[in-house]
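Number of protein chains: 2
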Amino acid sequence: GSTFPMIDVDIAIDIILKQCDDVYKNENEKYESKAIMESVGMIVAEDIQSQIDFPPFRASIKDGYAIRSKDGAGEYIIIASSLAGGGDAHKLQPDNNNNDNQKKCIRITTGAMIPDGYDAVVMVEDTELIKSTAEGSKEERVNIEVSVPVGCDIRPIGSDIKKGAVVIKKGEKIGSAEIGLLATLGHTHIKVYGQPRITIISTGDELTQFDTEEKDIKNGHIRDSNSPTLASVVEEVSQNFGRSGTASNVKQYGIVPDRLEDLERALVDSAATSEVIITSGGVSMGQLDLVKPLLGKLGTVHFGRVNMKPGKPLTFATIERDNGKKTLVFALPGNPVSTMVTFYLFVVPALRKLCGHSNHRLPLVQAKLDDRIRMDPERPEYHRCMIKFDMDQHCFIANSTGSQASCRLLSMKRANALLVIPQKEGYLEKGSSLNAIIIGPLV
Amino acid sequence: GSTFPMIDVDIAIDIILKQCDDVYKNENEKYESKAIMESVGMIVAEDIQSQIDFPPFRASIKDGYAIRSKDGAGEYIIIASSLAGGGDAHKLQPDNNNNDNQKKCIRITTGAMIPDGYDAVVMVEDTELIKSTAEGSKEERVNIEVSVPVGCDIRPIGSDIKKGAVVIKKGEKIGSAEIGLLATLGHTHIKVYGQPRITIISTGDELTQFDTEEKDIKNGHIRDSNSPTLASVVEEVSQNFGRSGTASNVKQYGIVPDRLEDLERALVDSAATSEVIITSGGVSMGQLDLVKPLLGKLGTVHFGRVNMKPGKPLTFATIERDNGKKTLVFALPGNPVSTMVTFYLFVVPALRKLCGHSNHRLPLVQAKLDDRIRMDPERPEYHRCMIKFDMDQHCFIANSTGSQASCRLLSMKRANALLVIPQKEGYLEKGSSLNAIIIGPLV
Ligand SMILES: [Mg+2]
Ligand SMILES: [Mg+2]
Numbered sequence: 511g512s513t514f515p516m517i518d519v520d521i522a523i524d525i526i527l528k529q530c531d532d533v534y535k536n537e538n539e540k541y542e543s544k545a546i547m548e549s550v551g552m553i554v555a556e557d558i559q560s561q562i563d564f565p566p567f568r569a570s571i572k573d574g575y576a577i578r579s580k581d582g583a584g585e586y587i588i589i590a591s592s593l594a595g596g597g598d599a600h601k602l603q604p605d606n607n608n609n610d611n612q613k614k615c616i617r618i619t620t621g622a623m624i625p626d627g628y629d630a631v632v633m634v635e636d637t638e639l640i641k642s643t644a645e646g647s648k649e650e651r652v653n654i655e656v657s658v659p660v661g662c663d664i665r666p667i668g669s670d671i672k673k674g675a676v677v678i679k680k681g682e683k684i685g686s687a688e689i690g691l692l693a694t695l696g697h698t699h700i701k702v703y704g705q706p707r708i709t710i711i712s713t714g715d716e717l718t719q720f721d722t723e724e725k726d727i728k729n730g731h732i733r734d735s736n737s738p739t740l741a742s743v744v745e746e747v748s749q750n751f752g753r754s755g756t757a758s759n760v761k762q763y764g765i766v767p768d769r770l771e772d773l774e775r776a777l778v779d780s781a782a783t784s785e786v787i788i789t790s791g792g793v794s795m796g797q798l799d800l801v802k803p804l805l806g807k808l809g810t811v812h813f814g815r816v817n818m819k820p821g822k823p824l825t826f827a828t829i830e831r832d833n834g835k836k837t838l839v840f841a842l843p844g845n846p847v848s849t850m851v852t853f854y855l856f857v858v859p860a861l862r863k864l865c866g867h868s869n870h871r872l873p874l875v876q877a878k879l880d881d882r883i884r885m886d887p888e889r890p891e892y893h894r895c896m897i898k899f900d901m902d903q904h905c906f907i908a909n910s911t912g913s914q915a916s917c918r919l920l921s922m923k924r925a926n927a928l929l930v931i932p933q934k935e936g937y938l939e940k941g942s943s944l945n946a947i948i949i950g951p952l953v
Numbered sequence: 511g512s513t514f515p516m517i518d519v520d521i522a523i524d525i526i527l528k529q530c531d532d533v534y535k536n537e538n539e540k541y542e543s544k545a546i547m548e549s550v551g552m553i554v555a556e557d558i559q560s561q562i563d564f565p566p567f568r569a570s571i572k573d574g575y576a577i578r579s580k581d582g583a584g585e586y587i588i589i590a591s592s593l594a595g596g597g598d599a600h601k602l603q604p605d606n607n608n609n610d611n612q613k614k615c616i617r618i619t620t621g622a623m624i625p626d627g628y629d630a631v632v633m634v635e636d637t638e639l640i641k642s643t644a645e646g647s648k649e650e651r652v653n654i655e656v657s658v659p660v661g662c663d664i665r666p667i668g669s670d671i672k673k674g675a676v677v678i679k680k681g682e683k684i685g686s687a688e689i690g691l692l693a694t695l696g697h698t699h700i701k702v703y704g705q706p707r708i709t710i711i712s713t714g715d716e717l718t719q720f721d722t723e724e725k726d727i728k729n730g731h732i733r734d735s736n737s738p739t740l741a742s743v744v745e746e747v748s749q750n751f752g753r754s755g756t757a758s759n760v761k762q763y764g765i766v767p768d769r770l771e772d773l774e775r776a777l778v779d780s781a782a783t784s785e786v787i788i789t790s791g792g793v794s795m796g797q798l799d800l801v802k803p804l805l806g807k808l809g810t811v812h813f814g815r816v817n818m819k820p821g822k823p824l825t826f827a828t829i830e831r832d833n834g835k836k837t838l839v840f841a842l843p844g845n846p847v848s849t850m851v852t853f854y855l856f857v858v859p860a861l862r863k864l865c866g867h868s869n870h871r872l873p874l875v876q877a878k879l880d881d882r883i884r885m886d887p888e889r890p891e892y893h894r895c896m897i898k899f900d901m902d903q904h905c906f907i908a909n910s911t912g913s914q915a916s917c918r919l920l921s922m923k924r925a926n927a928l929l930v931i932p933q934k935e936g937y938l939e940k941g942s943s944l945n946a947i948i949i950g951p952l953v
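Those protein sequences? They're chains A and B, same order as listed. Last residue of the first sequence? That's 953 in our numbering, and every number before it is there in order. Last residue of the second sequence? That's 953 in our numbering, and every number before it is there in order.
Source of the hints: derived by calculation from the structure; they are not laboratory data. Treat the hints loosely; a few may be bogus.
Identical chains share a label here; the pair holds if one copy fits it or two copies do between them.
What the hints assert, rightly or not - List of simulated lysine to aspartate or glutamate pairs, DMTMM-like, C-alpha gap at most 20 angstroms:
| # | residue 1 | residue 2 |
| --- | --- | --- |
| 1 | 544 | 723 |
| 2 | 580 | 518 |
| 3 | 728 | 935 |
| 4 | 761 | 636 |
| 5 | 680 | 542 |
| 6 | 822 | 721 |
| 7 | 878 | 902 |
| 8 | 878 | 900 |
| 9 | 923 | 556 |
| 10 | 528 | 629 |
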């Protein structure tokens with residue numbers, strides 16, 4: 511049997527997260543500057559302050575008429591228009607000394623600047639137009655039907671955002687709302703956490719490139735699905751939960767045969783150019799499972815067995831690069847389902863930490879079983895399922911994706927959560943509530 | 511006031527979904543062929559059948575020894591090895607006529623082919639090696655400690671997937687698990703729903719490109735945040751909920767001033783080359799809100815007011831292109847928050863339908879209020895909030911993102927859900943349960 515002690519999932523994750531601290535040598539290596547449109551899903555690496563007051567001028571909230579509050583209701587002459595972005599009114603001042611008993615107002619549109627001297631807006635719904643020019647193109651007189659307080663329907667300068675205010679804090683994630691905010695304030699580039707360089711390696715003499723034609727596949731060989739799966743799941747998790755790796759920083763090294771010298775070269779080469787290496791295969795107890803001893807030779811194996819199903823042989827190591835920086839190596843089991851489950855549980859928290867997310871783990875919810883499930887008496891199980899919120903039952907309902915054999919790719923299909931099944935004798939009845947780790951969209 | 515009747519949100523969505531049926535003229539225009547690695551998040555447009563049995567050969571589930579079940583427990587000679595992808599055993603046959611009382615077995619690794627004539631695998635844990643060659647490189651004799659039934663630890667040909675079986679149905683979404691499945695079966699390209707061409711237009715004389723330097727911004731002008739926000743939210747929703755638009759098919763037309771002829775040219779040009787046009791601004795009641803009458807002239811306005819807050823002036827129209835195909839035009843209000851909320855509620859279902867998703871709307875859950883909220887007596891409100899699953903309370907808890915003024919971009923920041931607040935007098939107390947539309951990641 512394996513000489514590695516069996517450790518629990520949570521302990522394994524903690525060991526991994528601790529090693530993340532040694533991947534970069536100094537703070538600045540972690541960050542990069544990005545054009546805002548390229549930063550969606552990334553984590554901001556410094557507090558972002560507004561360099562302006564917003565709105566930058568007193569702006570009307572409504573379409574209507576700018577008046578002096580003290581002039582009150584009554585008939586007004588419309589002396590000018592202040593249109594959003596234009597108009598002729600912004601240089602006009604109300605005549606404070608006028609004695610002609612004529613109230614004067616400015617026609618104004620939503621978002622337009624309130625000319626100096628006016629202090630309230632009456633919305634068009636509370637007015638009645640009395641007279642326009644003959645051709646109807648210009649309003650001349652209006653009846654203001656209500657009296658409004660000072661400041662009515664005016665957004666003061668800086669009322670939304672004050673100059674100097676921190677609008678996005680270090681550690682927050684850029685989404686489309688943040689893009690809008692940054693665009694409003696004129697930020698074109700921001701400092702964000704960078705994306706680690708990830709190398710993906712598939713091991714095994716039995717593997718053939720997935721795009722090999724059927725007739726060219728040798729007896730006893732199968733197509734390598736793990737490299738394309740891992741490359742796409744890095745991107746998929748980034749899309750669903752915020753950037754934790756980006757396609758342009760993911761390298762598919764390809765298939766490495768079960769030969770020590772080939773594997774060693776693959777690992778040494780990749781360690782020199784990657785913060786994270788993900789291998790699959792070569793960690794079970796078979797004659798040619800060479801990865802564990804090799805990792806022990808090239809670096810430090812932190813654990814080599816985890817108390818879980820599937821994924822028990824998961825191995826985690828670090829290899830020192832130049833300057834004492836460490837490359838994280840995840841040696842995932844080669845069975846496709848084990849590969850995916852261990853990626854979600856162990857690789858994702860590391861990638862999220864390296865990318866600056868403060869929640870390292872994928873979100874956890876509770877869900878009610880819609881099936882009867884047999885527990886495993888020997889290991890906690892991560893059971894692929896589809897969860898959906900049920901508006902009648904007021905909770906998530908979990909449907910198993912069928913037989914959970916670890917070679918059975920169909921059991922990952924459409925799964926958006928991993929149910930955490932406790933290690934125990936017996937069955938969980940339909941209706942039991944269980945923890946579920948969300949791995950994909952809820953639709 | 512507006513001449514358009516006020517309609518309810520659900521009715522508006524139904525009107526939009528119906529018009530989606532006229533965007534393409536024939537079925538084939540909807541589909542395209544994609545390399546599997548480019549198809550993540552897309553919807554499959556035809557049933558995908560396996561062209562092979564998988565596994566394609568009888569494969570060992572364990573590391574151990576292939577035997578004939580009938581030979582039972584006892585001492586065996588190891589006559590060959592069958593390694594995954596190699597080894598020398600696959601041409602060897604057990605000698606059925608042997609009378610030398612010597613049981614013969616084959617050393618076998620996980621995933622390796624079972625040589626013809628053998629019908630069971632005994633895992634290495636249930637064996638004891640008796641003798642190796644002097645240098646230890648080759649096993650010679652082993653004690654099989656248990657007797658196992660026929661088929662033990664062997665995956666039969668086609669046991670995971672039968673040749674001809676439908677592995678992904680029309681209408682299902684491609685995720686990384688589906689990529690793994692397709693790679694396993696040798697599919698390099700698949701037919702998926704295509705992505706609509708989307709043009710984004712910002713309207714308003716007051717707008718300036720967001721990357722304009724502060725000193726170059728004229729008095730009364732503000733930066734256009736809606737175009738970058740809409741471009742990034744198309745991508746963000748696609749990432750979070752499956753492809754409903756793709757960056758390469760999104761065109762930012764730019765800022766169009768409040769002049770009829772400029773607006774008309776923008777709409778006519780865009781309609782000719784887009785399935786979907788999204789404008790912002792120019793739909794309120796101001797003097798220069800030209801979009802609605804213009805859409806009435808160029809096409810059909812299906813509705814021009816919706817009973818909701820924010821977003822009341824939302825307008826939806828169609829413009830006929832060549833061959834009677836229709837371009838959908840969403841004229842969103844220009845206040846940044848109204849723009850985003852109406853995008854999630856009305857544009858997303860249309861884009862999801864065009865992209866083949868069967869669930870058009872974003873996912874709905876229930877969440878408990880963590881604040882006291884005043885309801886609006888006049889309109890149902892879509893209140894930006896952050897929801898998070900609480901493992902102690904067994905439900906989602908919703909936190910308001912603060913003041914909900916529709917100009918206040920900060921209220922969209924970090925929001926991952928829209929709480930649906932009923933139209934009513936009075937307050938909703940802390941702890942009330944409300945429907946929430948999920949718009950972003952739960953982490
Ligand atoms: Mg192997
Ligand atoms: Mg406007």
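Subject >> Status of residue 629 relative to residue 528 across identical chains (alpha carbons, at most 20 angstroms) >> reply: For residue 528 and residue 629, neither the intra-copy (59 angstroms) nor the inter-copy (47 angstroms) Cα distance is at most 20 angstroms.
Original post:
Using 20 angstroms as the alpha-carbon threshold, which applies to residue 822 and residue 721: within, between, both, or neither?
Top reply: neither (30 angstroms within a copy, 52 angstroms between copies)
Original post:
How would you classify residue 761 and residue 636 at a CA-CA limit of 20 angstroms: within, between, both, or neither?
Top reply: neither (64 angstroms within a copy, 40 angstroms between copies)
Original post:
Between residue 878 and residue 900, at a C-alpha cutoff of 20 angstroms, which is it: within one copy, between copies, both, or neither?
Top reply: Cα proximity of residue 878 and residue 900: in one copy and across copies (10 angstroms, 15 angstroms).
**OP:** Classify it for me, residue 680 with residue 542: is the Cα-Cα distance of at most 20 angstroms met within a copy, between copies, both or neither?
**Re:** Within. Shortest intra-copy distance 13 angstroms satisfies the 20 angstroms Cα cut-off; inter-copy 42 angstroms does not.
Original post:
20 angstroms Cα cut-off: does residue 923 pair with residue 556 within a copy, between copies, both or neither?
Top reply: Between copies, since 17 angstroms is at most 20 angstroms while 39 angstroms is not.
**OP:** Could you figure out if residue 728 and residue 935 sit no more than 20 angstroms apart (CA to CA) within one copy, between two copies, both or neither?
**Re:** So residue 728 and residue 935 fail the 20 angstroms test inside a copy (43 angstroms) and across (73 angstroms) alike.
**OP:** Measure nothing new, just compare the shortest in-copy and cross-copy C-alpha distances for residue 544 and residue 723 to 20 angstroms and report within, between, both or neither.
**Re:** For residue 544 and residue 723, the Cα distance is within 20 angstroms only across copies (18 angstroms; inside one copy 41 angstroms).
Original post:
How do residue 580 and residue 518 come out at 20 angstroms by Cα distance, when the copy is not named: within, between, both, or neither?
Top reply: Neither way: residue 580 and residue 518 sit 74 angstroms apart in one copy and 40 angstroms across, limit 20 angstroms.
Original post:
How would you classify residue 878 and residue 902 at a CA-CA limit of 20 angstroms: within, between, both, or neither?
Top reply: This pair counts as both: shortest intra-copy Cα distance 13 angstroms, inter-copy 15 angstroms.
Hints 2, 3, 4, 6, 10, counting from the list given before, are not met by this structure.
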